[in-house]
Each structure stands twice: as C-alpha cells, then as structure tokens.
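Once you have looked at the hints, place chain B on chain A.
Listed in order, the protein sequences are those of chains A and B.
With numbering that gives the first Met the number 0, the residue at position 406 of the first sequence is 405, and numbering never jumps.
With numbering that gives the first Met the number 0, the residue at position 149 of the second sequence is 148, and numbering never jumps.
Derived from the structure by calculation, the hints contain no laboratory data.
Certain hints may be false.
Claimed, not checked - Quick list of in silico lysine to aspartate or glutamate cross-link-like pairs, EDC-like style, CA-CA up to 20 Å:
no.	chain 1	residue 1	chain 2	residue 2
1	A	Lys263	A	Asp273
2	A	Lys380	B	Asp106
3	A	Lys441	A	Glu408
4	A	Lys380	B	Asp36
5	A	Lys196	A	Glu241
6	A	Lys233	A	Glu408
7	A	Lys205	A	Asp139
8	B	Lys4	A	Glu423
9	A	Lys404	A	Asp483
10	A	Lys498	A	Asp483
11	A	Lys380	A	Glu408
12	A	Lys17	B	Asp1
Claimed, not checked - Partial pick of chain A residues on the chain B-facing surface, computed with a CB cut under 8 Å:
no.	residue
13	Gln365
14	Ser374
15	Asn376
16	Pro377
17	Lys380
18	Gln387
19	His392
20	Leu438
21	Leu440
Claimed, not checked - If you want a taste of the chain B side facing chain A, the calculated C-beta under 7 Å gives, among others:
no.	residue
22	Gln169
23	Thr173
24	Gly175
25	Met176
Note that the Cβ used here is the ideal one computed from N, Cα and C, for glycine as well.
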Amino acid sequence: MSDAPILSLEGLGVRLPKGADRTHALNDVSLSIASNEILCVVGESGSGKSMMANAVMQLLPNEVKIETGRMMFDGHDLCAVTPAEMREVRGAGIAMIFQEPMTALNPLRTIGDQVAEMFSVHTRLSRADINARVLALLADVRILDPKTAAKAYPHELSGGQRQRAMIAMALALDPKLLIADEPTTALDVTTQAQILKLIRDLQQRKKTAVLFITHDFGVVAEIADRVVVMQHGKIVEQGTAEAVLNHPTHPYTRQLIAAVPPLKAPPPRPLSSDSILTIANVSKTYRTGGFLGRGPRVTAAVKDASLHLPKGATLGIVGESGSGKSTLARCIVRLIDPDTGAILIDGKNWAKMPRDEVRRETQHIQMVFQDPFASLNPRRKAAELVAQGPIVHGTPRATAIAEAKKLFELVGLDPSAGDRFPHEFSGGQRQRIGLARALALKPDVLVADEPVSALDVSVQAQVLKLLGELRERLGLSIVFITHDLRVAAQVCDLVAVMKEGEIVEHGLVADVFGSPQHPYTQALIAAVPGGEFSAQHEAAVS
Amino acid sequence: MDAAKRYFRSPAAVIGLVLLLVVIAMAISAGILYPRDPLALAGRPLVWPFTNPRFPLGTDNSGRDIAAQIFYGSRISLLIGGVATAIAIAIGTLIGAFAGYYGGWVDNILMRITEAFQTLPNFVLLLVLVAVFGSTLTTVTIAIGVVSWPAPARLTRAEFLSLRNREFVQAGRTLGMRDLQLILGEILPNALPPVIVYASVVMALSILLESALAFLRLSDPNVASWGNLIGLGRDVLRVQWYVSAIPGIAILVTVLAVSLVGQGLNDALNPRLKSR
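Extracted from the complex, chain A is given alone in its bound form (with noise of 0.2 Å):
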C-alpha cells in the first residue's frame, strides 16, 4: 500500500465562531490517505471529526471558516478551487455517506431517481444506458432485488437498505476517495456487519481511498488499514491499525480503548433465590387503520413474554430496533398496559392495577430513560427535577430539595449545581440527573431503557461503573434494555435476547454470551464488531 496519496490535509485550522466553546474546531490536523487504503477517524463527541469530513466537502456551516493550512486532492489544494470547480469534485472526485440515510435521501423521489441524478449530473449518459447502469450499481451494493429497489422510496426501504442506496450513489462515479461519516452508526448491529463487510469489498475491487469516521473501536478493529485518533480538535495519534490498536502510545487513546467494555461477562454473582420482579405471558399488539375497507394493521410489539428477576440482580434485554424490548420496558413501568399477562412485583399484579394505584405505588419501580437531552424538563432547574418524585408523593418542598441535593453527591454531581438547568449540563451529567431523580423515590425495582447508548464510550463506562456501584449500595434490582451486547455482558446478572416481539433465549450472561442456542443469539454476537480484537483485548487485560 505504498500509493501516492490521495488527499492530504496539511496544517488543516478551521475557526469556529465566537461563543463556541473553544476557538478552533480543528488546529494542525496534518493526515495523509492512499489510494485503496481505509484510514479511520475516532474520537468523541466533539473531537471535530466531522467537521474535518465537511471541512474536505467543503460543507462548513457559513459562520465557520477555514483559516489555516492546504487540503490538497489530486495535486489541487481545496481551499483555493471556486465553488464550480468544487462541485465538480463533489460526486466525481469525492463521495460522502452520512449517518442517518433516511435524512440524507429525498423521500419524495424513488432510490432508481435518485442514483440516476449522479450520473445526469455529472456524465451525457443517455436515459437508458443510465437506467442500466443504475440496476448495475445496485446490484453491486447487494439489494435485494434492484429492479423494485429503483422503484421504491425510501420510506419502503429498510435502514440498511437504504444505506446500501446511499453507498451506491456515492459510488456511482467511481470517485477516488469516500468519506464515510459514522455510516452504521444508525443501524442493528447485524447489518453494520453486512454494510462494514460491504465498504470494505467494494473498497478492495475499486481501489478507492475510504475516510472513515466513527466513534467505535470495534468498528475500527474490523475495518481499518491506518487510524487516526482526535481529541478536541487535534489529531494526537496516528499510525496503522495494528499499531494503534495493540500498543497505542497517547494516553488518551489507551483509556478510549480501555473503556471499550468486552464482550466476556465479570464472574457471576451470587443470585438470591428471592424473585422480586416476574414478568408472566405479557402480550402487547398495536392495531392502527382499518378504515373503510382497509383492513387494520397489526403489530404485535410483544408476545407472551415470561422473565423474571431475583432480587439485587441486573437483567439485560437485549435486542435490535422493534423487537420489543422498550414496549416490554415501558409495559412494566406501566406507561403502556399490556393486554394480557401479569408483571407480579412484591406480590402485586401490576398489569391489572387500576391507573389511581398505579401512580401511589410507583416509588417501588423507577425508570431511567434513554435520550439524556429528552428526558429532562428544559424549564426546571436540576434540584427540582430530582425533587420532583418526593414532592408529588407528598414529602414537604424544603426537605426534597435538601435531599435531592445529598442524591446529587450519590451520583457523583456537584451539590451546588442544582440551581442550573439541564442545557447547562453535559450528555453524561444530564443522565446522572436523570439517575437520581429515579433513586430519589427509593425504588426497589430500576428499568432503565438505552441509558447510555447516547453516550460517548468514556462517558458510557463511567455511568455503567456508577450503576454497578449503586446496585451494590443500594440493593437496586435492574431490568437493563440494551442493543449493546457489550455493555450487556458488563453490567447484567441475566439476559435476555428478543426478537420481533418474543423472547428467543435467556439464562445468565456467561450462559448465553459463551454458548449462544438460538441462531440469532449466535448471529447477534458474530455480529459485534471487533470481536477478534476485544478478545485479544481482554486476554491482554485479564
């Protein structure tokens, strides 16, 4: 792979504006990527990898600027091309996938339309040799069945499908080098497998240069030729995939990848024989239309589900987006009634409880929920938010204050910052919040659905190790819903894997993860990416 390279950025700075929170989103990134070599962008939140990605495109929002440094593509420097001669880099020169490909895709216009728009764009092709080349170059990205594909919108596609389309279009003029910005990130972890498998075919049969940014090591370890790790703006490691990887020499980059949680379950814990929480035949369908002929569709989002949970113990359920898990999570919580089935805690049958007991009982189950931007009320202020569960079951305002504030410690916050309101705390801060205003009722019983999977991988290791502790100190029975199958493996007693509604296989966590039964067990946990690499990891740790 000793290839000229294709891009490379020297002494790259880009100026935020005033009032961001530092001045420069990118400061003397220096990288270089080959032709037919896959170069990975880690880094966190913030780190400014995407706006290294937009900085290249020439995408930058107007108020950023670019104020230093060459980007040279092809023996030009990108910083110094018009607008015309950029656009006609954009496409043919350089592709870009991006994340979510439901926004990146016009819904109005079917996947054939949209493809074909590269190539009417950019090439005198006629209608017909486009049309062909377009089935073509769907059949390349293996979607299945591309003569219906064209057709469909992509509201008709599934997530993955539709990433496959967005992949096809940016490949469709063959462009040198591909920007990949967090491309599998929206997706089950079963088709981020399909789709790395796929850059990485088509990568190695066009020879193209591929930037690929992700937060995820495991995603890294599966895919990457060369890494480049970022930290606030500054690259502050780079080297082979190899290299980085196994002896990583900047300390940022060994606790990035020491935080990244194996997929091999901690010794088990002692289980009590006391069941706290059991879960018995739980059903939910959802009936929506049905209207003047149209026959109604049902969804049943969970069928005949049985857990359950001894006390003090953590259980994972585990699965990919719609099969049920957060329907399971909020029927136990009560936020949706099941239609059938019983959710026994402490000996009452929650399912059947009428709504007025429901809500002088809740102290006993408690929920954390998963966007911790979402599940804060903007207008209140952190202290009142914990307070709020006490006060509405009647303890006096001026003593839950004063507790909320000894929570704040427990979950490892400032006391004194109480008085600020949510906007002013960070993602990880705000789901500690989030935390205590669920302990602050003393439940017996925690669900918490997707508690960190909003998270930044440091960030998401400090709040499963809080967790874990409060388990231990408080005695908290959990319920713990995760796509994560590592995060999974560390914090749960049990697990649970679901699929389309119904619970495929479950038992302790060493059980499962080591000797899946169901193939989809054994699927999810292929799946994961990196798991040659965490496997070495661990070994190495252990």
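Chain B in isolation, oriented as in the chain A frame:
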C-alpha cells in the same frame, strides 16, 4: 436573559416597543393633560387641526376636542386589547391543552366545537353577540375575547400533541404525577412561547374588531374610543376628513406597534427560526 438580548438586537422590535410605550404613556397621561371629560363640548364644531392652539388636532362635528379623545381612546383600545386577549388566550390554551393531551374522543369533541366557531366569520359572530347582549364596554370586551379563542386553541393543541410523548413527560408519569400536574407543570411551560407570540396577533385583531364595531356605531357610545370617533367622522368624511383620519392613524400605529413587538418576541423566543 438571552431572549431579552436577542429582542433588543432587532431594530424593528425596538421601534415597536417604543411606539407601544408611547401609546401606554398617552393612556396614563390622559387624565393629567385633559382633566375635563373628553366627550364634553369644548368649542366650535369642526375646527381644522393646527388652526386653533386650544385644539391642536381640531374638534369633531359636535365640537369635542379630538386630541383629548385620542388620548382617552388609547385607554379603551389598550383595555379592550389586553382583556379580550387574556380571555381568548385563557380559553384557547385550556381547550387546546385538554384536546392535545388526552387525544381520542376528548380531542374530537373539542376540535369539532373549535371548528364550529372557526367556520363562522368572527366579525359576524361578534355582531350577533353584541346585538343579543347589548353594547356596553364590558360585553364588547368579553364578546371579542369569546370570538378570538379558536386559533390559540389550535396552536396549543399542536404543541401539546408534539410534547405529550416526550421522555420528560413520560418521566413525570413514572414519578406518579397526576394528569393535571403534567399538563400545567410539565407541558404547558414548554408549549407557551408560540402562544405568547400569537397573543400579539390576537391583541392587534381585538383592537381592530372594536374599531370596526364602533365604526358601525355598535360599540359603547358612552366612552371616548378611536372607533367611535371614526364612526362620527363618517358623516363629514368628504370635507372634514381629518375627523376620521386622525383616530385611523392612532389605530394604525398601535396595531403596528403590537405586531412588531410580537414579531420581535417570536424571533427572541425561537432563535432557530431567526437564523433562516
């Protein structure tokens, strides 16, 4: 106080606020500058403006001081604008909040009622109400409020529909809050900014509605209002046009001021829209 800073950055919003403050100052100073009853006879009828220093804006067809009526009229316009808007927004947010929060048949019933009000032109409805209940200042104000609530109700409902399934509302529910606590304490404060902005539109419309009523001589004849003055001036419109034109300008300035303030509030409260 980011919102205040953003508000004062827009020149139009500042001009609107200054104009509104001038109108408010007129309302406050009316009693001091013109201690006599503005509807009492003051001099010869139909004196042109700027001809007699005693009547800077002239007199109307029965010899009453137009300047005094303009000053006292600002009180009536602000009163009607304020109170009618408060009534309309109160009814509107209440109905919109319940319809949006509960959905289903509650929403269906409340929205059909709202539509029933919306399909009638609200000036016609206002005429009916005034014809039935009489035209004192109180009934006119309440009637204007009652015909203006459907639009704020729809706006509130739309906000509630998008907010009621947010995670922070679900979090409130898992904490055991009652529906009323969720509606008033959690959702409403987040739904209010667009409603506050819309209140300025309702206020401008209320002032115009009152003027229109007065022009038809259906408003309260016993108070000095701008609309009444325009209505009187109708009889002498061809020659002494100033009798109608002067209060007309006063109405224009006030409505403009309220609209500019509303625009400014909109930009200040929705910074994302502003950057378009």
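Results for each hint:
At roughly 26 Å between alpha-carbon atoms, A:Lys263 and A:Asp273 are farther apart than 20 Å, so this suggested pair is violated. For the proposed pair A:Lys380 and B:Asp106, the alpha carbon gap of about 32 Å is over 20 Å, so the pair is violated. Only pairs whose Cα atoms come within 20 Å are accepted, and A:Lys441 paired with A:Glu408 is accepted, the gap being roughly 15 Å. A C-alpha spacing of about 52 Å is found between A:Lys380 and B:Asp36, which places the hinted pair above 20 Å, so the restraint is violated.
For the suggested pair A:Lys196 and A:Glu241, the alpha carbons sit about 19 Å apart, so the restraint of at most 20 Å is met. The straight-line distance between the Cα atoms of A:Lys233 and A:Glu408 is roughly 33 Å, outside the 20 Å bound, and the hint therefore fails. Restraint check: the Cα-Cα separation between A:Lys205 and A:Asp139 comes to about 11 Å, which is no more than 20 Å; the hinted pair holds. The straight-line distance between the Cα atoms of B:Lys4 and A:Glu423 is roughly 19 Å, inside the 20 Å bound, and the hint therefore holds.
At most 20 Å may separate the alpha-carbon atoms for a hinted pair to count; A:Lys404 and A:Asp483 exceed this at roughly 32 Å. For the given pair, A:Lys498 sits about 14 Å from A:Asp483 by alpha-carbon distance, which is consistent with the 20 Å threshold. With a C-alpha separation of about 16 Å, the suggested pair A:Lys380 and A:Glu408 falls inside the 20 Å cut-off, and the hint holds. This hinted pair checks out: A:Lys17 and B:Asp1 have alpha carbons roughly 15 Å apart, not beyond 20 Å.
Interface hint status for A:Gln365: upheld, as the beta-carbon distance to the closest one in chain B is roughly 6 Å, under 8 Å. Checking A:Ser374 against chain B by beta carbon gives a least distance of about 4 Å; that is within 8 Å, so the hint holds. Contact between A:Asn376 and chain B, as hinted, is supported at the beta carbon level, the nearest pair being about 4 Å apart and thus within 8 Å. The restraint placing A:Pro377 at the interface with chain B holds, with a minimum CB-CB distance near 7 Å, inside the 8 Å limit.
Taking 8 Å as the C-beta cut-off, the interface hint given for A:Lys380 is violated, the closest approach to chain B being about 13 Å. Taking 8 Å as the C-beta contact cut-off toward chain B, the hint placing A:Gln387 at the interface holds, the least distance being around 6 Å. Here the hint on A:His392 is kept, as its CB sits about 6 Å from the closest CB of chain B, short of 8 Å. A least Cβ separation of about 12 Å between A:Leu438 and chain B goes past the 8 Å threshold, and the interface hint is therefore violated.
Because the smallest distance between the Cβ of A:Leu440 and any Cβ of chain B comes to about 7 Å, under 8 Å, the interface hint for this residue holds. Taking 7 Å as the C-beta cut-off, the interface hint given for B:Gln169 holds, the closest approach to chain A being about 6 Å. Because the closest C-beta pair between B:Thr173 and chain A is about 5 Å apart, less than 7 Å, the hint holds. The beta carbon of B:Gly175 is positioned within 7 Å of a beta carbon in chain A (closest approach about 4 Å), and the interface hint is therefore held.
Residue-level restraint check for B:Met176 holds (minimum Cβ-Cβ distance to chain A is 5 Å; threshold 7 Å).
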